[in-house]
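Peer 1: Given these sequences and hints, build the entire structure.
Going down the list, the sequences are from chains A and B. Numbering of the first sequence is given in the numbering used here, commencing with residue 118 and proceeding in unit increments. Numbering of the second sequence is given in the numbering used here, commencing with residue 67 and proceeding in unit increments.
Rather than coming from a laboratory, the hints here were simulated on the basis of the structure. No experiment lies behind these values; they were computed from the predicted model shown. Any given hint could be a false lead.
No farther apart than 27 Å at their CA atoms in a straight line, the calculated lysine-lysine pairs in the DSS-like style are these [to be verified]:
| no. | chain 1 | residue 1 | chain 2 | residue 2 |
| --- | --- | --- | --- | --- |
| 1 | B | 95 | B | 175 |
| 2 | A | 356 | B | 232 |
| 3 | A | 489 | A | 329 |
| 4 | B | 140 | B | 175 |
| 5 | A | 298 | A | 365 |
| 6 | A | 294 | A | 365 |
| 7 | A | 174 | A | 435 |
| 8 | B | 175 | A | 179 |
| 9 | B | 95 | B | 140 |
| 10 | B | 96 | A | 470 |
| 11 | A | 470 | A | 174 |
| 12 | B | 140 | A | 329 |
| 13 | A | 470 | A | 179 |
| 14 | B | 175 | B | 96 |
| 15 | B | 175 | B | 232 |
| 16 | A | 179 | A | 435 |
| 17 | A | 179 | B | 232 |
| 18 | A | 435 | A | 470 |
| 19 | B | 175 | A | 174 |
| 20 | A | 489 | B | 140 |
| 21 | B | 95 | A | 470 |
| 22 | A | 174 | B | 232 |
| 23 | B | 96 | B | 140 |
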Amino acid sequence: MPITLERVPNQEERVILSMGPQHPSTHGVLRLVLELSGETVVRALYDIGYLHTGFEKSFESKTYTQCIPLTDRMDYLCPLANNLGFCLAVEKLLDIEIPPRAQWIRVLLAELTRIQSHLVWLGTHAIDLGAMSVLLYCFREREDILRIFEMVSGQRMMTSYFRIGGLALEPPRGWLKRVEKFVSAFPSRLEEYEGLLTRNPIWQGRTVGIGKLTAEEAIAWGLSGPSLRGSGVDWDLRKRQPYSSYDKFDFEVPTRPEGDVYARYLVRLEEMRQSLRIVQQAMEGLPEGPIKADAPHIVLPDRESMKTSIEALIYHFKIVTEGFQPPVGEVYQAIESPRGELGFYVVSDGSPKPFRCHVRAPSFANLQALPKMIQGHLIADVVACIGTIDIVLGEVDR
Amino acid sequence: MLPAGLCNGGRALELFIMPSHLDASVTLKKVREFAAEAVDEVRQFRGELTIYIRADHLRRVGEFLRDEPELTFKFLADVTAVDLYPSEPRFEVVYHLLSFQNQERLRLKVRIRGENPSVDSLVPVYPGANAFEREVFDLFGIQFAGHPYLRRILMPEEWEGHPLRKDYPTEGYR
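Peer 2: Here's what the structure looks like:
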């Protein structure tokens, strides 16, 4: 029996409408069941699981390093943020120190990821509400960022670039020029999007006062990220519980008190500006030094040293065939992904494979507020509300 | 086990310890003052505090942690479970709480037995627990007493078994 809503007797004018899972505005395979009175939503339920692939079960039969490519595939719009969250969790478990250069590059790429994820959000959100051209511009800029990812990791989307203990490889020569080019071009592009939308009366008509959430509601429903900050809660893990040297960067956390779709739009736009500031600082202050931690039992040795040192060869063989064995224990590491608090809860029993790895997916929690947000609004506003919580179904269903 | 040289004596730990205006032990002290009989065991690992709560006190303690003005764990970040099959008590239900005010995290755990596993739902205290508890119910088969809409959320309705249990094969039943 698929999930549905029971018809309330004696209210024959109500219509039960199933929206999705194949629907262009549900950002993947989200299914909504709506009870409508005319065009107004009276009640709503969401139905998920269409993309469930059992990542958490798969983690248990892979070594820690083998888990990294799986994390890419959960939230396919910000693979590097997922890599970062998982690597930080395992590094916390192992208690190893990451060299500054690796941390700076991680921050730089994580912020580029945030910008490119927000660009996809902006483009799809705008096209949902009828502004077609924004999507085309956003994808143009996103392409520049994906090219940078390709240069660094060899992949556009499934990057798997961060490793437990550092980075996979030293980025190629000339990559910073690419980043620089993007950083200098992007602010004017951002102005263009703002010019198309921010003061546009149609855009404001579709977003102002829609999908309102108060700060108390947002906290109670477990919302995080821009969706929480759009309700006036000043909470950003990069500032409040800094990881990966975010405390060494100067940036601001934008918040808006209104709690509607428009407020969340403004928050995300400002976040892109702040991310750009971080990218610029990371680029200018990029320290020299190693990109991998000094932990030969955990981090794969360089190709070069494998040919000259027998220890390196042995470590390489052992790490690849057996993996490494973290101490018995459990950690929870949360990072600020573009969508909110992305947490990895890793339990180790001392074997080379995680005993249990749970992902606290921000989209999964944020989606809970959707039925509340759309209650009393028109069907056309439902797509505005789906867009504004910026869900990625790969992460919701895992 | 890690060779001793790899654990550089807490130096790296500074990077990761969550900054906290309150000492973690203040939370523990408060919880003990409120209900000493509820605390089963306390663990600390890598700067993270875990309090094991006896199952019948869970909702009380949750309410206390949320409302106590010095603690204000208003944000339930996550609910999940761990299956310790074949040992008993088989399941641990894990709650991650966060206090915006103190910038502090806390992990609550409840041990429950493998036969008809059930624990009180935290939805009346934290509405955001709804989907997470449904997920645990779906993938572990743990009942949450008092949950308003406890049905499968990720797996199909007619699915048999609970995939994240340790006695469920990774490749599924064939």
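Peer 1: Hint by hint, say whether it matches the structure.
Peer 2: Okay, the hints, checked on the actual structure:
1. Distance check on the hinted pair: residue 95 (chain B) and residue 175 (chain B) sit about 17 Å apart at the alpha-carbon level, within 27 Å; holds.
2. Under the criterion of a C-alpha separation no larger than 27 Å, the hint pairing residue 356 (chain A) with residue 232 (chain B) is inconsistent with the structure, at around 38 Å.
3. A C-alpha spacing of about 9 Å is found between residue 489 (chain A) and residue 329 (chain A), which places the hinted pair at or below 27 Å, so the restraint holds.
4. Restraint check: the Cα-Cα separation between residue 140 (chain B) and residue 175 (chain B) comes to about 17 Å, which is no more than 27 Å; the hinted pair holds.
5. Under the criterion of a C-alpha separation no larger than 27 Å, the hint pairing residue 298 (chain A) with residue 365 (chain A) is consistent with the structure, at around 24 Å.
6. Between the alpha carbons of residue 294 (chain A) and residue 365 (chain A) the distance comes to roughly 23 Å, so the proposed pair stays at or under 27 Å and holds.
7. In summary, the hint linking residue 174 (chain A) to residue 435 (chain A) is supported, as the alpha carbons are separated by about 24 Å, within the 27 Å threshold.
8. Restraint check for residue 175 (chain B) and residue 179 (chain A): the C-alpha separation of about 26 Å stays at or below 27 Å, so the hint holds.
9. Between the alpha carbons of residue 95 (chain B) and residue 140 (chain B) the distance comes to roughly 18 Å, so the proposed pair stays at or under 27 Å and holds.
10. Taking the CA atoms of residue 96 (chain B) and residue 470 (chain A), the gap is about 37 Å. The hint is violated against a cut of 27 Å.
11. Annotation: proposed proximity of residue 470 (chain A) to residue 174 (chain A) holds, straight-line Cα distance about 12 Å (limit 27 Å).
12. Taken as a hint, the residue 140 (chain B) and residue 329 (chain A) pair is honoured in the structure, with Cα atoms around 20 Å apart against an allowance of 27 Å.
13. For the given pair, residue 470 (chain A) sits about 6 Å from residue 179 (chain A) by alpha-carbon distance, which is consistent with the 27 Å threshold.
14. Only pairs whose Cα atoms come within 27 Å are accepted, and residue 175 (chain B) paired with residue 96 (chain B) is accepted, the gap being roughly 17 Å.
15. The straight-line distance between the Cα atoms of residue 175 (chain B) and residue 232 (chain B) is roughly 19 Å, inside the 27 Å bound, and the hint therefore holds.
16. A hinted pair counts as satisfied when its Cα atoms are at most 27 Å apart, and residue 179 (chain A) with residue 435 (chain A) qualifies at roughly 15 Å.
17. At roughly 15 Å between alpha-carbon atoms, residue 179 (chain A) and residue 232 (chain B) fall within 27 Å of each other, so this suggested pair holds.
18. Straight-line distance between C-alpha atoms of residue 435 (chain A) and residue 470 (chain A) comes to about 14 Å, which keeps the hinted pair within the 27 Å bound.
19. Among the hinted pairs, residue 175 (chain B) with residue 174 (chain A) is consistent with the structure: their alpha-carbon atoms are about 21 Å apart, no more than 27 Å.
20. Pair hint residue 489 (chain A) plus residue 140 (chain B) holds up; C-alpha atoms about 19 Å apart against a cutoff of 27 Å.
21. Pair hint residue 95 (chain B) plus residue 470 (chain A) does not hold up; C-alpha atoms about 35 Å apart against a cutoff of 27 Å.
22. For the suggested pair residue 174 (chain A) and residue 232 (chain B), the alpha carbons sit about 9 Å apart, so the restraint of at most 27 Å is met.
23. Only pairs whose Cα atoms come within 27 Å are accepted, and residue 96 (chain B) paired with residue 140 (chain B) is accepted, the gap being roughly 16 Å.
When held up to the earlier numbered hints, the structure conflicts with 2, 10, 21 and fits the remainder.
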